[in-house]
Every structure is written in structure tokens, then in C-alpha cells.
Amino acid sequence: SAVISQKPSRDICQRGTSLTIQCQVDSQVTMMFWYRQQPGQSLTLIATANQGSEATYESGFVIDKFPISRPNLTFSTLTVSNMSPEDSSIYLCSVESLETYEQYFGPGTRLTVT
Amino acid sequence: AQSVTQLDSQVPVFEEAPVELRCNYSSSVSVYLFWYVQYPNQGLQLLLKYLSGSTLVKGINGFEAEFNKSQTSFHLRKPSVHISDTAEYFCAVWGAAGNKLTFGGGTRVLVKP
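Order-wise, the sequence lines are chains A and B.
Those letters in the first sequence? Residues 29 to 142, by our numbering.
Those letters in the second sequence? Residues 203 to 315, by our numbering.
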């Protein structure tokens, strides 16, 4: 298993600003994932972040809006840029077990954009 | 068409009654199946998983699920629920839409006394 922490746990931001969310894992992992969970909705994968390469974005998500960094095997950041109220969501990072395909999730960052 | 479908968005159930949450997926290749639970204001926790072998899998907190390949289903069951089982439950499938985890829409379980 893996223990994942995220910072901040929640934030209230004004539209037009940007927020960077940090994700820290207690072990080295190859891939990290970023998800968005809009209010009352399921999880949608934003992108997959591999250390040493560009993140791979899912359809509907672009790097200019959600830039991701992956400087080492235990850390990643997701920035939500030029925010609008539609970006109000919970953002979760996760890592995957290569043996079981199980994903372990961080506690999430609850973002409210006013 | 959705890759993972949870047929019930909300399931009210009385305490100590059984509950079944339905999950169907669409895929022509082998998949790996998971159920996660999200308690209010918390992250996701794995309940159980199916990778291979016995089609009946048992998880934490008394939950179990059965993989039915012919019906492409992975329904979750618990014979007797507790108030503490009130949560959102997500079915997730690895491989249904590429090499990634795809989530169903979620089922909100409300256990009433």
C-alpha cells in the first residue's frame, strides 16, 4: 500500500487566479494520477504523470489549464490555472500498484472558486 | 456509451437489511474490477478487487462482489448493513477504456435506522 498526502486540504480562491496542489507519496512510484471529482459526481481522470516525461492528458483536459509537474518519484503538483467557478471540485491524486492495478488515493483537495 | 455503469444513483436501505449495488461494464478485453467507498468528506478506500480466480471476492467490512463475465457485471453485496455504511460507492474498471482506471457514476447508500 501507499500513504498519500495532499496540500492544501481545501481552499477558496477567486476567479482568474491559479492554485497549485501538492501530492506526496511515502514510496517511490512510477506513475501518479490526478482526478477531478465535481460536486455530486464521480471521478474523472485528468492526467497521468510519469517522472521525467510530460504528463499525458485525457480528452477534455489541456496542459495550459492543468499544468503538472513530476520532479521525482514521490512528488507531483497539479496547477489549476485561470480558475472559474466551474473548476470548483475535489482534486485527488493517486498511485497504482504495478502488481494489482489497485490505486491508492490521497485525501483530496476541496477547491471552491468564487 | 459509458464504459462503467452503476445502475442506481441512490439506494436507501434500512439498518440490518441487505443491499446490492449494481455495476456493469462494457469491454471486450480482460479487465480488473474494483469497488471503492467514499465516506462523507473523506478520500477513497478500496473495498475489494477482482483480478483473476474465484469470481466471488470478499472485501472489508463484510462486503462481497461477484464477477460475471457473460453479463459483464460486478455487483456488490452486503447481507446486513450498518448506519456506518452510509457512503458513496464507486465501481471502477481497469482496462474498459484503455490502460487506465475508469469509474462508474457512483451509488449513494443511505442507511436508515
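In case anyone wonders, no lab produced these hints; they're calculated from the structure.
It should be emphasised that the depicted structure is a prediction, and the values quoted were computed from it without experimental measurement.
Be aware that a few hints might be false.
If you want a taste of the chain A side facing chain B, the calculated C-beta under 7 Å gives, among others [unchecked claim]:
1) S70
2) F103
3) Q131
4) F133
Per the computed footprint, the stretches of chain B lying under chain A, defined by three or more beta-carbons under 8 Å from a beta-carbon of chain A, are [as the list claims (entries may be wrong)]:
5) 275-289
6) 299-308
Far from chain B, some chain A residues (derived; all Cβ distances over 12 Å) [unchecked claim]:
7) R43
8) Q65
9) Q69
10) T76
11) E86
12) L101
13) S109
14) N110
15) S122
16) T128
17) V141
Ideal placement from N, C-alpha and C gives every residue a C-beta, glycine not left out.
Hint by hint, here is what the structure shows:
Because the smallest distance between the Cβ of A/S70 and any Cβ of chain B comes to about 5 Å, under 7 Å, the interface hint for this residue holds. At its closest, the beta carbon of A/F103 sits 18 Å from a beta carbon of chain B; the interface hint therefore is violated under the 7 Å criterion. With a cut of 7 Å, the hint placing A/Q131 at the interface with chain B holds, because the nearest CB-to-CB distance is about 6 Å. Annotation: A/F133 was flagged as interfacial toward chain B, and the flag holds, the nearest CB pair being 4 Å apart, inside 7 Å.
With 0 residues bearing a CB less than 8 Å from a CB of chain A, the segment 275-289 of chain B misses the requirement of three and the coverage assertion fails. Three residues within the 8 Å Cβ limit are the bar, and the segment 299-308 of chain B against chain A gives 7, so the coverage statement holds. The claim that A/R43 lies off the interface holds: its Cβ sits roughly 24 Å from the closest Cβ of chain B, which is beyond the 12 Å cut-off. Interface exclusion of A/Q65 from chain B breaks down, the closest Cβ pair being 9 Å apart, not more than 12 Å.
With a least beta-carbon separation of about 8 Å from chain B, A/Q69 fails to lie farther than 12 Å from that chain, contradicting its non-interface assignment. The Cβ of A/T76 does not lie farther than 12 Å from every Cβ of chain B; its closest approach is about 7 Å, which violates its non-interface assignment. The Cβ of A/E86 sits about 8 Å from the closest Cβ of chain B, inside the 12 Å cut-off, so the non-interface label is violated. Every Cβ of chain B is farther than 12 Å from the Cβ of A/L101; the closest lies at roughly 20 Å, confirming the non-interface assignment.
A/S109, annotated as away from the interface, keeps every beta carbon of chain B farther than 12 Å; the closest lies near 23 Å. The Cβ of A/N110 lies farther than 12 Å from every Cβ of chain B, with a closest approach of about 27 Å, so its non-interface assignment holds. Not every CB of chain B is more than 12 Å from the CB of A/S122 (nearest about 8 Å), against its label as outside the interface. At roughly 6 Å, the least C-beta separation between A/T128 and chain B is not larger than 12 Å, which violates its mark as non-interface.
For A/V141, the non-interface assignment is confirmed: its Cβ lies about 19 Å from the closest Cβ of chain B, beyond the 12 Å cut-off.
Hint compliance for this structure: hints 2, 5, 8, 9, 10, 11, 15, 16 are not met, and every other hint is.
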